[in-house]
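Take the sequences, apply the hints, and build the full model.
So in my numbering, the last one in the sequence shown is 396, and the numbering has no gaps at all.
The set of hints was computed from the structure by calculation and includes no laboratory data.
Hints are not guaranteed to be accurate.
Straight line, CA to CA, 20 Å or less: simulated EDC-like cross-link-like pairs of lysine to aspartate or glutamate [claimed, not checked]:
id	residue 1	residue 2
1	K309	D81
2	K272	E290
3	K309	E76
4	K272	D310
5	K30	D267
6	K309	D267
7	K62	E329
8	K309	E283
9	K213	E195
10	K309	E343
11	K62	D333
12	K309	E77
13	K220	D156
14	K272	E283
15	K62	E223
16	K213	E223
17	K62	D156
18	K309	D333
19	K30	D81
20	K272	D289
21	K62	E359
22	K30	E77
23	K99	D135
24	K30	E69
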Amino acid sequence: MGERHQIFVVARVGKRYRTLAVIHHQYLYDCLALSACLLLISIFSDKANRRPLEMELGLAEEFYSDPNNTESDSTTSYASFRAKPVRFPFIGTCLVVGASTAGLDPDFPRASTVHFEPEDTGFAEGDNNTGITVLDITDLDNVRYCFVAWRRIGWRWDLDSDLAQLGPPPPLNTPWSGAEYGRHWQGFRDPGVSIDGKRDRLATKLAEFPLVNVTALADLWPWGMWVVDPSAPTDKTQDDTLKHTGGASLRDQALAKLVQSMLSTPQENMGLLDEPMRFPGFQGALRNQLFTVKDELFQSAAAPGLLRAAWAGETLLDWSRFDGLSPETMMAALQGPELNDARELILCPNWSNTTPLALAQAICSFPSPSRPLHLGGSRQS
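Right, dumping it as structure tokens:
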């Protein structure tokens, strides 16, 4: 029973797209689905949520870079899945809040019941009869959305006499806009009440946001028999992003060798970075490389200097992925003049190998102690 719908939050982390959270909603359809999508785009785009979302996207990048980590084990029972903590809790919280409160009746403001599904749930594997919503949060400044329907439930959008003037419905197994999802909806309609105006207003608001590209859906669920609509405009930006999934570039290979050489040197020699730091994009590439070799980084005398070089001039020091960073290394890095512009520091301390006192002493060397400091639990804890 019900108008059953799933909402997927996805992002490209590592070499491919992954599902970061998915929920089941028992009564989400038509205008309610459009309202939920709009609300979720607003939540994931909100600047107030930016820091924790960026932290969890970084953790997702790290998690899926480990070949031992995959989506949920398909042999695990559903009861076992429900007993496990949510893998990315802040992303999951945003999803639950938006999905459960969309379209609340002010005269009956009761939130809807939703529940999490395993991350490896396929697009058509849920208990579903109203399609799915997909939200792509790879770029938090440019959150994407789409609706999707497939053959088993496609009858909900079939052409009938009442809707003939609207033209043929969009093809199945391809990203739909809010207008395409709502235009041919054949769910429960009260003959005495017209909601076409509300549907149009919601679809118009959704039209301000870009659609998820069909190539991203194919990357998520390769078995989906996805249809490319030849009349749809090509989004070259996302297509190009998906093409860069091969091996490391020559620049990245050279950077990896340089960093490894510096890590293996018993004394700090930051002069090796003077010339490369002049190239556009090098500093960001250096940060990504340090995330990759963080275990070796913590054992090297070059760690403080590399941290200063990678974040020189930045106002935000997001070190949340360095959960093994010792207070001594952090203190040495923070005392350098390169980080004098820093205003925020984000950490995920590993409390198994540090103490609050040692961490407090390191934090006191932060150039702007009156500015925000965000502490989160380590992945192990």
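Hints, verified against the model:
{"no.": "1", "hint": "K309 x D81", "in the structure": "holds (13 Å)"}
{"no.": "2", "hint": "K272 x E290", "in the structure": "holds (15 Å)"}
{"no.": "3", "hint": "K309 x E76", "in the structure": "holds (14 Å)"}
{"no.": "4", "hint": "K272 x D310", "in the structure": "holds (16 Å)"}
{"no.": "5", "hint": "K30 x D267", "in the structure": "holds (15 Å)"}
{"no.": "6", "hint": "K309 x D267", "in the structure": "holds (16 Å)"}
{"no.": "7", "hint": "K62 x E329", "in the structure": "holds (18 Å)"}
{"no.": "8", "hint": "K309 x E283", "in the structure": "holds (17 Å)"}
{"no.": "9", "hint": "K213 x E195", "in the structure": "holds (14 Å)"}
{"no.": "10", "hint": "K309 x E343", "in the structure": "holds (15 Å)"}
{"no.": "11", "hint": "K62 x D333", "in the structure": "holds (16 Å)"}
{"no.": "12", "hint": "K309 x E77", "in the structure": "holds (11 Å)"}
{"no.": "13", "hint": "K220 x D156", "in the structure": "holds (17 Å)"}
{"no.": "14", "hint": "K272 x E283", "in the structure": "holds (16 Å)"}
{"no.": "15", "hint": "K62 x E223", "in the structure": "holds (18 Å)"}
{"no.": "16", "hint": "K213 x E223", "in the structure": "holds (16 Å)"}
{"no.": "17", "hint": "K62 x D156", "in the structure": "holds (9 Å)"}
{"no.": "18", "hint": "K309 x D333", "in the structure": "holds (14 Å)"}
{"no.": "19", "hint": "K30 x D81", "in the structure": "holds (11 Å)"}
{"no.": "20", "hint": "K272 x D289", "in the structure": "holds (16 Å)"}
{"no.": "21", "hint": "K62 x E359", "in the structure": "holds (15 Å)"}
{"no.": "22", "hint": "K30 x E77", "in the structure": "holds (11 Å)"}
{"no.": "23", "hint": "K99 x D135", "in the structure": "holds (14 Å)"}
{"no.": "24", "hint": "K30 x E69", "in the structure": "holds (18 Å)"}
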